[in-house]
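Undergrad: Chains as they are written, first to last, in the working numbering: chain A, 3 to 115; chain B, -18 to 96.
Check the hints yourself; a few may be wrong.
[Said to hold, decoys possible] Under the rule of at most 35 Å between Cα atoms (straight-line distance), these lysine-lysine pairs were calculated in the DSBU-like manner:
| no. | chain 1 | residue 1 | chain 2 | residue 2 |
| --- | --- | --- | --- | --- |
| 1 | B | K(-5) | A | K73 |
| 2 | A | K73 | B | K22 |
| 3 | A | K65 | B | K22 |
| 4 | B | K36 | A | K57 |
| 5 | A | K5 | B | K47 |
[Stated by the list, open to error] Pulled a few chain A residues facing chain B out of the computed Cβ check, cut under 10 Å:
| no. | residue |
| --- | --- |
| 6 | L13 |
| 7 | Q36 |
| 8 | R44 |
| 9 | P46 |
| 10 | G98 |
Please keep in mind that the hints were generated in silico from the structure rather than gathered at the bench.
It should be emphasised that the depicted structure is a prediction, and the values quoted were computed from it without experimental measurement.
Here a beta-carbon is modelled for each residue, glycine too, at the ideal position from N, C-alpha and C.
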Amino acid sequence: SQKIEQNSEALNIQEGKTATLTCNYTNYSPAYLQWYRQDPGRGPVFLLLIRENEKEKRKERLKVTFDTTLKQSLFHITASQPADSATYLCAFPLTGGGNKLTFGTGTQLKVEL
Amino acid sequence: GAVVSQHPSRVICKSGTSVKIECRSLDFQATTMFWYRQFPKQSLMLMATSNEGSKATYEQGVEKDKFLINHASLTLSTLTVTSAHPEDSSFYICSATSLGAYGYTFGSGTRLTVV
């Protein structure tokens, strides 16, 4: 069955460093992959979408890569700030599910001063 | 940008009662709305997909008679948790999308506590 894996352990980094979060998937070849940010007690907020024919996508301090050979997406936040502390979720469309999304469990990022 | 409003943000109800949660797309017409539930430190679990004017499609294991979904217009979908029990306590989130949309817009979620 399709499976998404994100590191369940929280990632703690120092302010100003680059945070790198990983999303691995198995038994699937998604046409695209999305990344969301979720704050405690709030709904997710869409950040970036990357398609299978795109190796990299950038938006301000964010960068996403998509390696279809490794079946992996990396999410980078450069010059991280305490305000970047949140849980980051990757998601991709379900096979045969039209526009339904399935989500990873998310990785909590904590940026410390 | 696209905004989805979800109400209420928190609700406490007694076991056996019903609770209605509203999800509205404020500045766009949502062709499809999705309902998720999320347990602490777990991912979002898709419950159902609703398209305006048609019956909702429920995911496997979700009781359609317990979680009633109505999508009466292109801007409003409601989820009613009927005869709620403590095990229904969870965080419920709706999301909406429209044709050609880039990414999905989520509501702020509803924390349901059944006592």
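Undergrad: Give a verdict on every hint.
TA: Hints, one by one, checked against the model:
Taking the CA atoms of B:K(-5) and A:K73, the gap is about 46 Å. The hint is violated against a cut of 35 Å. Taking the CA atoms of A:K73 and B:K22, the gap is near 24 Å; set against the 35 Å cutoff, the hint holds. Under the criterion of a C-alpha separation no larger than 35 Å, the hint pairing A:K65 with B:K22 is consistent with the structure, at around 25 Å. Straight-line distance between C-alpha atoms of B:K36 and A:K57 comes to about 39 Å, which puts the hinted pair past the 35 Å bound.
Between A:K5 and B:K47 the alpha-carbon distance is near 28 Å, which keeps this suggested pair within the 35 Å criterion. Against a cut-off of 10 Å between C-beta atoms, the interface hint on A:L13 is violated, since the closest Cβ of chain B lies about 15 Å away. About 6 Å separates the beta-carbon of A:Q36 from the nearest beta-carbon of chain B, less than 10 Å, and the hint is met. With its C-beta approaching chain B no nearer than about 6 Å, A:R44 sits inside the 10 Å limit, and its interface hint holds.
Contact between A:P46 and chain B, as hinted, is supported at the beta carbon level, the nearest pair being about 5 Å apart and thus within 10 Å. For A:G98, the suggested interface contact is broken, since its CB lies about 12 Å from the closest CB of chain B, more than 10 Å.
The structure fails hints 1, 4, 6, 10 (numbered hints given earlier, in ascending order).
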